[in-house]
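Given only the sequences and the hints, what does the whole structure look like? Please build it.
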Amino acid sequence: MTAIESLGPKTLPTLNNLKASVPDDLDVQKVAKDFLHAFAQAVESKDVSRVLALLHPDAWWRDTLALTWDLRTFQGHANIKQFLTDRLVQAKMSGIKLIEAKFAPEGNDLVWILIRFKFETDVALGTGVVRMVPTSTGEWKVYLMGTVMDDLKDYPEQLGPRRSLEPSHGEWFGDRQKEMEFADSNPEVLIVGGSQSGLMLAARLKHLGVSNLIVEKTPRVGDQWRLRYDALCLHDPVWYDQLPYMPFPEYWPTYTPALKLADWLESYAKNMELNVWTSSQPMKIKQDSSNKWHVSVKRGDGSERTFTVDHVVFALGVGAGKANIPNFKGIENFKGEVMHSSKFKSAKDYIGKKIVIVGACTSGHDIAYDCGAQGLDVTMVQRSSTYIMSIQQGMTRHMQSLYWEGGPPTDVADHLNNTMPILFDKVKAVRLTNAIAEADK
1 MTAIESLGPK TLPTLNNLKA SVPDDLDVQK VAKDFLHAFA QAVESKDVSR VLALLHPDAW
61 WRDTLALTWD LRTFQGHANI KQFLTDRLVQ AKMSGIKLIE AKFAPEGNDL VWILIRFKFE
121 TDVALGTGVV RMVPTSTGEW KVYLMGTVMD DLKDYPEQLG PRRSLEPSHG EWFGDRQKEM
181 EFADSNPEVL IVGGSQSGLM LAARLKHLGV SNLIVEKTPR VGDQWRLRYD ALCLHDPVWY
241 DQLPYMPFPE YWPTYTPALK LADWLESYAK NMELNVWTSS QPMKIKQDSS NKWHVSVKRG
301 DGSERTFTVD HVVFALGVGA GKANIPNFKG IENFKGEVMH SSKFKSAKDY IGKKIVIVGA
361 CTSGHDIAYD CGAQGLDVTM VQRSSTYIMS IQQGMTRHMQ SLYWEGGPPT DVADHLNNTM
421 PILFDKVKAV RLTNAIAEAD K
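Mapped onto UniProt numbering, the consecutive letters of the sequence shown carry residue numbers 1 to 441.
Derived by calculation from the structure, the hints in this document are not laboratory data.
Where is the CB? At the ideal position from N, CA and C, for every residue including glycine.
Take the hints with a grain of salt, since some may be wrong.
Straight-line Cα separation of at most 25 Å, BS3-like style, residue types lysine-lysine; simulated pairs [to be verified]: (1) 217 to 178; (2) 292 to 428; (3) 354 to 329; (4) 30 to 141; (5) 217 to 345; (6) 81 to 178; (7) 270 to 260; (8) 102 to 141; (9) 30 to 19; (10) 206 to 292; (11) 10 to 46; (12) 260 to 217; (13) 292 to 178; (14) 102 to 428; (15) 343 to 260; (16) 428 to 19; (17) 81 to 92; (18) 102 to 30; (19) 10 to 81; (20) 206 to 178; (21) 428 to 10; (22) 298 to 286; (23) 217 to 270; (24) 97 to 141; (25) 260 to 322; (26) 141 to 10; (27) 46 to 178; (28) 292 to 270; (29) 46 to 81; (30) 141 to 260; (31) 92 to 217; (32) 322 to 284; (33) 426 to 345.
Per label pair, the in silico range of CB-to-CB distance [unchecked claim]: (34) 245 to 391: 26 to 32 Å; (35) 163 to 24: 46 to 52 Å; (36) 340 to 243: 27 to 33 Å; (37) 354 to 323: 31 to 37 Å; (38) 188 to 279: 21 to 27 Å.
As structure tokens, this is what we get:
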């Protein structure tokens, strides 16, 4: 067990573990209002001990930028006390107002009173998510607390009533070309990588009034998906894959084919008016004594441009796209073809061949499925056992409460999802996996 794993919970706060029950006459709204009243008084008076009195001894507090300007999770009274002592006075948390409160059981034995509330700090507006549990004394205590920064007070997104009312008579195209080229200026932020992460960041920054430029090494936006194997299809449902400002239409398939997603990303970049240099990549990055970054970018035509920027963001995905092929003894004597999955295109190219796939994660299964569909002799080699769940039983149970048809709006789902501590969620995942396995029998 690693040091990180040892910090995680061993059990969930089920009714049995809490030695508690849910009364038949539970008044969720009263519990929520009483809690928020006490919480607001404790927070605004900067009384850490009164805040702690509202929390279960094993409580978790996950903060996303709101109070710490960081992504931090604290567990237990001692750690939360230190966190609040350090940050509560400085952050000036106030303006706590109820958004909604509801009874939100996860099965018969894991029950929450789920509360969402608004708050503000000295510089930001935020959302809080609270999950309360019953105790053996009949009181309800906070077991999970999440605080999330939503907006900066002095830098609101230029949306809705804040958008410009001035028309653009014949000037839009020229203005866009000038904006994209940065001929006489530098972006404030340079983003390396023009797939979904880079595009979403660029869109957010644009509407915050922060100039930015994406440099993408492939010829077209979306090529990171377009140039992969033909059988590639997203494994997460459409409700989980939303991009800011431009939601997928209601007719969009539940699981998006890679080529379709590639075209959507390309259209997103155009419709969001993002500044993207394709067939371009940084050649040299250096930071000076004033903390400015000097970035030399080589374009597809061979020309180079050096920018001086405040921030450089690498939006390159997990592993930064670097292929990893294990060095197997004797592989140099193999007469057939050896390739990484990133170089595989279609099983149709190997009709009549025998295929061995080393690795049993998503690309391995996708390629094995493609090979099987083409009638190839295919064998998958894996280091350890892999649990396979059905779409019908697995995805509905995994995603239905947040990212599914009829689920909450994306921003609400993201708040509920991202305020769940990762180590706590890991224990929940074991429980969920067992439930899916039972349903799949």
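Now the hints, each set against the structure:
Between the alpha carbons of residue 217 and residue 178 the distance comes to roughly 21 Å, so the proposed pair stays at or under 25 Å and holds. Distance check on the hinted pair: residue 292 and residue 428 sit about 44 Å apart at the alpha-carbon level, beyond 25 Å; violated. Of the supplied pair hints, the one linking residue 354 and residue 329 holds, its CA atoms being roughly 20 Å apart against a limit of 25 Å. Distance hint between residue 30 and residue 141 is fulfilled; the C-alpha atoms sit about 14 Å from each other, no more than 25 Å.
Of the pairs offered as hints, the one joining residue 217 and residue 345 holds, with about 20 Å between alpha carbons and a cut-off of 25 Å not exceeded. This hinted pair does not check out: residue 81 and residue 178 have alpha carbons roughly 52 Å apart, beyond 25 Å. For the suggested pair residue 270 and residue 260, the alpha carbons sit about 16 Å apart, so the restraint of at most 25 Å is met. Of the pairs offered as hints, the one joining residue 102 and residue 141 holds, with about 15 Å between alpha carbons and a cut-off of 25 Å not exceeded.
At most 25 Å may separate the alpha-carbon atoms for a hinted pair to count; residue 30 and residue 19 meet this at roughly 22 Å. Among the hinted pairs, residue 206 with residue 292 is consistent with the structure: their alpha-carbon atoms are about 20 Å apart, no more than 25 Å. With a C-alpha separation of about 32 Å, the suggested pairing of residue 10 with residue 46 is violated against the 25 Å cut-off. Using a Cα cut-off of 25 Å, the hinted pair residue 260 and residue 217 holds, with the two alpha carbons roughly 20 Å apart.
Distance restraint check for residue 292 and residue 178: the Cα-Cα separation of roughly 24 Å lies within the 25 Å cut-off, and the hinted pair is therefore satisfied. At roughly 20 Å between alpha-carbon atoms, residue 102 and residue 428 fall within 25 Å of each other, so this suggested pair holds. About 20 Å separates the Cα atoms of residue 343 and residue 260, which keeps this hinted pair within 25 Å; it holds. For the given pair, residue 428 sits about 19 Å from residue 19 by alpha-carbon distance, which is consistent with the 25 Å threshold.
Between residue 81 and residue 92 the alpha-carbon distance is near 16 Å, which keeps this suggested pair within the 25 Å criterion. Distance check on the hinted pair: residue 102 and residue 30 sit about 11 Å apart at the alpha-carbon level, within 25 Å; holds. The suggested pairing of residue 10 with residue 81 holds, with an alpha-carbon distance near 22 Å, which does not exceed 25 Å. With a C-alpha separation of about 15 Å, the suggested pairing of residue 206 with residue 178 holds against the 25 Å cut-off.
Between the alpha carbons of residue 428 and residue 10 the distance comes to roughly 10 Å, so the proposed pair stays at or under 25 Å and holds. Proposed proximity of residue 298 and residue 286 is supported: the alpha carbons are some 15 Å apart, at most 25 Å. The suggested pairing of residue 217 with residue 270 holds, with an alpha-carbon distance near 17 Å, which does not exceed 25 Å. Restraint check for residue 97 and residue 141: the C-alpha separation of about 19 Å stays at or below 25 Å, so the hint holds.
With a C-alpha separation of about 24 Å, the suggested pair residue 260 and residue 322 falls inside the 25 Å cut-off, and the hint holds. Simply put, residue 141 and residue 10 have alpha-carbon atoms about 19 Å apart, close enough for the 25 Å limit, and the pair holds. For the suggested pair residue 46 and residue 178, the alpha carbons sit about 50 Å apart, so the restraint of at most 25 Å is broken. The suggested pairing of residue 292 with residue 270 is violated, with an alpha-carbon distance near 29 Å, which exceeds 25 Å.
Our distance criterion of 25 Å between C-alpha atoms is met by residue 46 and residue 81, whose separation comes to about 12 Å. As the CA atoms of residue 141 and residue 260 are separated by approximately 47 Å, the hinted pair breaks the 25 Å bound. Only pairs whose Cα atoms come within 25 Å are accepted, and residue 92 paired with residue 217 is rejected, the gap being roughly 44 Å. Between residue 322 and residue 284 the CA atoms are separated by roughly 19 Å; this keeps the pair inside 25 Å, and the hint holds.
Our distance criterion of 25 Å between C-alpha atoms is broken by residue 426 and residue 345, whose separation comes to about 34 Å. The hint said 26 to 32 Å for the Cβ distance between residue 245 and residue 391, and at roughly 29 Å that hint holds. Distance hint for residue 163 and residue 24: a CB-CB separation of about 51 Å, consistent with the stated range 46 to 52 Å. Against the hinted window of 27 to 33 Å, the Cβ-Cβ separation of residue 340 and residue 243 comes to about 28 Å, which satisfies the hint.
Roughly 22 Å separates the CB atoms of residue 354 and residue 323, a value that falls outside the hinted 31 to 37 Å. Between residue 188 and residue 279 the beta carbons are some 23 Å apart, a value that agrees with the proposed interval 21 to 27 Å.
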